[in-house]
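Peer 1: Going down the list, the sequences are from chains A and B.
Residue numbers for the first sequence follow the numbering used here, beginning at 7 and rising by one.
Residue numbers for the second sequence follow the numbering used here, beginning at 21 and rising by one.
Mixed in with the good hints there might be a few duds.
[Unchecked claim] Looking from chain B toward chain A, a few residues come up when the C-beta cut is under 7 Å (computed):
hint, residue
1, 25
2, 26
3, 27
4, 44
5, 241
6, 245
7, 260
8, 345
9, 346
10, 348
[Stated by the list, open to error] In the DMTMM-like style, the derived pairs of lysine to aspartate or glutamate whose C-alpha atoms are separated by at most 20 Å in a straight line are:
hint, chain 1, residue 1, chain 2, residue 2
11, B, 26, A, 362
12, B, 266, A, 336
13, B, 155, A, 334
14, B, 155, A, 336
15, A, 62, B, 372
16, B, 155, A, 362
17, A, 230, A, 498
18, B, 266, A, 173
19, B, 373, A, 64
To be clear, the hints were calculated from the coordinates, so they are not data collected in a lab.
Note that CB positions come from ideal geometry on N, CA and C, so glycine has one too.
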Amino acid sequence: MTAPAIELKGISKAFGPVQANKDISLSVQKGAIHGIVGENGAGKSTLMSILYGFYKADAGEIWINGQQTPIPDSQAAIRAGIGMVHQHFKLVENFTVVENVILGAEDGALIRPSVAKARKLLIELEKEYGLEVNPDAVVEDLSVGHQQRVEILKQLYRQADILILDEPTGVLTPSEADQLFRILGRLKDEGKTIILITHKLREIMDVTDTVSVMRRGEMTATVKTAETSPAGLAELMVGRKVLLEVEKKAATPGEVVLDVKDLRVVDSTGVERLKSISFQIRAGEILGIAGVAGNGQSELLEVLGGMIPATSGSVTLHGQPIDITGRESDGQSRRRRGIGHVPEDRQVEGLIMPYEAWENVAFGYHHDPKYQAGILMNNSAIKADCAEKMERYDVRPPNPRLPARNFSGGNQQKIVVAREMDRHPDLLLVGQPTRGVDIGAIEFIHKQIIALRDAGKAVLLVSVELDEILGLSDRIAVMFDGVISGERLPEDTNEGDLGLLMAGVTERQGAA
Amino acid sequence: MDKMPKWADVILIPLISVLLALLASGAVVAFIGESPVEAMRIMIDGAFGSAYGWGYTLFYTTNFIFTGLAVAVAFHARMFNIGGEGQAALGGLGVAIMALYIPWPHWSLALIGCTIAAALFGAAWAAIPAYLQAKRGSHIVITTIMFNFIASALLVYLLVNVFRVEGSMAPETARFAEGTHLPSASTFAGFLGFRPSTPLNVSFFVALAACVAVWLLIWRTRLGYEIRAFGHSETAAVYAGISPVKITMIAMLISGALAGMMAINSVQGEAERLVIDYVQGAGFVGIAVALMGRSHPVGVLLAALLFGALYQGGAELEFEMPAISREMIVVIQALVILFTGALDNMVRMPMEKLFLSLRPRSE
């Protein structure tokens, strides 16, 4: 048996009091696809950063191809044949593919010879692995999926034998993800070793040979993928049994709550983000908006939440018009009208990270008379309210005096959810409710959304996670390039069908 | 987890910074052949060794509290108001107009009237850059510093052409009438040894009240909550329905008003007339005071006291040690600003590491 491509022995790393990695040992055979799963903060990223030389481990050894290889910096990692494809691409948008690939690996002061050499090599690499990327295309003109392939090419050009991919499918449509997995399969066949970090259990099941589960800085299990199941992995990740499927009763839609007609948004650069969108949501109904990020879903939430003005169109709530263009179009007015908003990015929008939990519980509702005491704010009333909400929404630790940034992602989201849902809004806007949230909290948040629907409220759910859309929605609309490219009922559709709509294949083209 | 306990952030780090600054200053003093220990003794004795010294130290402190609070309030809305100099100058104009043209029956009424005028004029001078920032995105640092120059030119023009006393060579207003004269420390604290010549006056208490008012505003009112939220994240503020335009305007108006209020101390309280360039850099010292005081009123108060002592002690040092010139004093003050303001991270990062390593490992 040959030496494993990667062998980690007893890796430990602490950040102050936080033990991010605890005595981790891992062995990956050459030519295997190895998955690493774990909740946020389980230590996956830290471990990979140690392997790639961003962090230095406090203890432990790294062995590459049977040789002990210290990796003090990323140059050493590259020399050892390790390449990393980051979740957020590190590409120069206005450079061509070749220029991006040679960036940092130029042969000399003059660019031309390197470019010529690289182009030749790239064409060979593309053929070899079926990457289908034009070396002279400018990166900003490429789709996200192709940009990711440029990242992979960059690593191959640097002769990486071990590829680490960090959450590679977060930005891809389902079909782009399938193509990525085919490429990974080719790479594997050519003898490359691949480490895939993801939180999507289905991907693990589909493409990996072996999988390791991390929990609270420890490697809790390493198993052959064929010998496990999504439920089994989830249990290993969380440490208890979890419900992956959302349980819900059939919807009983009532009267129309939200009526959106011909909504248009042109942003400050003149780009039309929403192109005449129309839809309705009824009481007791969840409308799910699917789509690849950046196709107008954010703008839709922001207009309805009063964060940006619409260019034209009309919106009514319970038949009463809502000002979407003028002076009354702001978050305060929306909240007074009974619209709650769980924003897409809790860290930038939904919470003030240095504010303590109690201050965040009042955020957006700080005009509420019950939070006032004369001209001052009634801080003790807010703290009491916060403590009570933390109790009911299971926020851990239940300490109102802790700044928001010190809570885990899931508990931060629970604070937002508690604030926005506890007032029983007639309409709840929810953006990416479970992004970066651990499985246990996902289950909780999904239950809350269903409960609100069952209480007869309208919910607009925007998510890039198709599982979530399919599991929660009573109706599904797909957005592509600022329009609704199709509507489906969850029982009449599947990921493939939605994936086509997400890629902009409209019904007519699909039929032709 | 926060990296350090709060007391370390608020007290320990500024203290270490000041000590480093004093060490560096000592090296400079030694370099020109004087004894650093002796220089230190003269400075401390000059600032705190007598009622005379205290009178000047607290007088300067009063100025720096106003300008420091001004910068601090703007900081909370993440704006860098470096126009305190100009806003204070305009505050002086407000005080002069109020004091010269209204026959005040009693100093207390005059103090109220002049405080309002100083605040209004200072706020008005901050309003234009604030509006340009809020509506046009013109950077507040650029506009406020330009407004310092405009204020300076405006005051020269007014003092030379409008307010100058007929036949006088000095570009200053006439002396204010008796009814506006504020009680000096010799009146209300004569038992502590303050002489009638001391510049310290009742506006010191206005400054202390301003500290309390700013604390209440920032940490206890809805407006302060909105200002801080906006300062931390504009996107989140918009999400919560807090208007960036409104907060930018209000925070800058309050900031300008506080800077303007410095005039009741220097113009009404001490000079009893408006003289040219009366601010003398206090607007800029306010930046250092706010930085060192972590934009907290208590911190501002302590930092203002430190800079007041540096000013007064520095003046004594210049007098007592002829080898140390006026420029040397400026160097020492600059070193304190450099270490407490600009080089904050130099002390902070090693301290954070130290505190992290001291903390017990949690499982």
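Peer 1: Given the proposed pairing of residue 155(B) with residue 334(A), does the C-alpha separation stay at or below 20 Å?
Peer 2: holds, 18 Å
Peer 1: Going by Cβ atoms only, is residue 27(B) closer than 7 Å to chain A?
Peer 2: Violated: closest Cβ of chain A sits about 16 Å from residue 27(B), beyond 7 Å.
Peer 1: Taking 7 Å as the limit, does the beta-carbon of residue 245(B) come near enough to a beta-carbon in chain A?
Peer 2: holds, 6 Å
Peer 1: Minimum Cβ distance from residue 260(B) to chain A below 7 Å?
Peer 2: OK, holds: residue 260(B) within 7 Å of chain A, min 4 Å.
Peer 1: Please work out if residue 266(B) and residue 173(A) have their alpha carbons no farther apart than 20 Å.
Peer 2: violated, 41 Å
Peer 1: Need the status of pair residue 26(B), residue 362(A): alpha-carbon distance at most 20 Å?
Peer 2: holds, 14 Å
Peer 1: Take the C-alpha atoms of residue 230(A) and residue 498(A), compute the straight-line distance between them, and say whether it is at most 20 Å.
Peer 2: violated, 34 Å
Peer 1: Keeping to a limit of 20 Å between CA atoms, is the pair of residue 266(B) and residue 336(A) held or broken?
Peer 2: holds, 13 Å
Peer 1: Holds or violated: residue 373(B) with residue 64(A), Cα cutoff 20 Å?
Peer 2: holds, 15 Å
Peer 1: Using the nearest Cβ pair, does residue 26(B) come within less than 7 Å of chain A?
Peer 2: violated, 12 Å
Peer 1: Min Cβ distance, residue 44(B) to chain A: is it shorter than 7 Å?
Peer 2: violated, 31 Å
Peer 1: Does residue 348(B) hold up as a contact with chain A if the rule is Cβ-Cβ below 7 Å?
Peer 2: violated, 40 Å
The structure fails to meet hints 1, 2, 3, 4, 8, 9, 10, 16, 17 and 18 from the earlier list, while all remaining hints are met.
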